[in-house]
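With the sequences and hints as input, model every part of the structure.
Protein chains: 2
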Amino acid sequence: MPSDDFIVTPWHVEGEIDYDKLIKQFGTEKITGEILKKIEKTAGEIHFMLRRGIFFSHRDLGKILDEYQSGKKFFLYTGRGPSGHTHIGHLVPWVFAKWLQEKFQTTMYFQLTDDEKFYAKENLTLEQTKSFAYENALDFIALGFKPENTKIIINTNNIRTLYPIAAQVAKKINFSNTKAVFGFKNETNIGMIFYTSLQSAPCFIEDRQVLIPLGVDQDPHFRITRDVAPKIGRPKPALIHNIMIPSLTGPGGKMSASEESGTIYTTDSPQVVKKKINKYAFSGGQPTVEEHRRIGGNPDIDVSYQYLRIFFEPDDKKLKSIYDDYKSGKMLTGELKAILIDKVNSFLEEHQQKREKAKDQIERFLLSEK
Amino acid sequence: MPSDDFIVTPWHVEGEIDYDKLIKQFGTEKITGEILKKIEKTAGEIHFMLRRGIFFSHRDLGKILDEYQSGKKFFLYTGRGPSGHTHIGHLVPWVFAKWLQEKFQTTMYFQLTDDEKFYAKENLTLEQTKSFAYENALDFIALGFKPENTKIIINTNNIRTLYPIAAQVAKKINFSNTKAVFGFKNETNIGMIFYTSLQSAPCFIEDRQVLIPLGVDQDPHFRITRDVAPKIGRPKPALIHNIMIPSLTGPGGKMSASEESGTIYTTDSPQVVKKKINKYAFSGGQPTVEEHRRIGGNPDIDVSYQYLRIFFEPDDKKLKSIYDDYKSGKMLTGELKAILIDKVNSFLEEHQQKREKAKDQIERFLLSEK
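Protein chains in written order, with the numbering used here: chain A, 687 to 1056; chain B, 687 to 1056.
None of the hints are false.
Copies of the same chain look alike in the list, so a pair counts if it works inside one copy or between any two.
Within a straight-line C-alpha distance of at most 27 Å, the following computed DSS-like cross-link-like pairs (lysine-lysine) qualify:
1) K789 / K832
2) K807 / K871
3) K961 / K1013
4) K1045 / K784
Calculated from the structure, these hints are not laboratory results.
Below, the structure is given as structure tokens:
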């Protein structure tokens, strides 16, 4: 591990991430009060994920907000690598993207990179990643997007649209660039080497500026895209980054669809959710009730509290009172977990119903090929 | 240049090629009398390009001929990189492929790699290479293929069919492999690095063995494909290689569509053909008529004679008499050139008519996407 004690790449996140250091390392910009004011000016409000620093960093966000004010619209693009079932961590940028879409009245593209996960995972077949892509699409649709202004891209389905754009990008990227940005080696397969150009392609699918809400681990792809954009006469994508969502089992790394115990899937039953949180959720509490009452818990490292902060408790006042009660020792770990279990299960109850309905809607969302 | 004094790669051919040395360098097999007998057994004859060593080398040809005898059919695949208009050198493997198709009653795929030429040529756009692809397809169709058993693939048109196959191949090839086989460097663009997997894809488009008639410079692509095939549970492609067709201006290198003066295009007028051959065709004759009568010419280095041998004079007896007359000094260079001009122009007169008719047929040849 480098001296910073953490690693963030699109395929590997490790260590406890210092986000201020990461901003310096990646060369992005912090979301300032000034930026928040610009957002509020159009949106009329500030999403809690912005207030709480879940979205913490950006590239060119100020520029596109200024342009929006002067009448120049943008479009949204985000995505997911379908290596498994959707977990609740995936929903963070999607929910935020939906808020942006409503407030800024944009079109939205959602890319499912079945080819990427096939290239990246030795044991996954293309049939499997494609099947996960359809599964993941249901979760996306369940969040309430509309097919009129939202299109889902599945790479192997939409390759006819993507490839000619990707080719323009690929011609301007050499192997050295991918070594520098992704750490690729001579042993990296050539699908993987080419792949970044397909993740770039949706940035140029409309003839206007794109804004990409995404996990900060995906930034390296678009750092390359931003270098290429002027070379092919297109605007640089603007980005807004969210932090990594911690695994249930603790901070350090991100929640991963391939690590069963640390992950709450959107298809988990109430019993499974309860069991996972009670058994695995990393706690900031003290070893005994007596000690906890005396010293108090640490919500800043407690995963249950963090899930409430990141996603499940949008009400700042309620969140603060949980924070204070847990820190003072008034609230026990079991009580904190019970709040999260309740929140997750009531979210999932509704989500799972919408997810079932999405099965009838999915065809209307899939990008049709020219 | 290496010690062998020639270079043969898919994108660069230089020097006077020693084909026996090339067979050793590439690790292919020479077409022997035994192989010719096997072909004759089914075909009932030996194509003059086989008799004369224009097709000189192969991989696994004996194997698929034996299998054919025992009832196992194969299919044919060849192609072209559309970097410019078609020249007469391109027609060599196509004409031979048509003969194979008729004699062995196979389906045939013809791939036009518009993406490859876009990646390889700094100044070509994808629109230009695609437009050349359509132009080149007309020449292919004009040779008399039938849409019932012949399909034309244009990479950016058929990427939906090709990409999932290419992805299977790409996952099994790493950057080191492409360095070793193509001499790629860190500065090579990632489109180019990935591309070989798209040239592999048609090898697996049917669920049976493929035979590929092709210029020997394209062998490196399929050397990789042959390594990958067993890893993805598919049969290794069999190959039959033709020699490089010399440029008008002389032996060494191959006829190139980007070098105007050394190239006879299929769309050239009789006057242009006459002028190009008279002005540029490298001659094996002597500086003066007197000297030529006395010493005789050298048909082995004379490009006009070589064109007759390779393509324009299928009659062995007539060819031999030209050879003897030129070598003895009885036939002057001007007379030899006049024979070639006449042959080329009568071929092109018919070809250009068929090429016009092909414009109405092309849609029926284009591979339709699933």
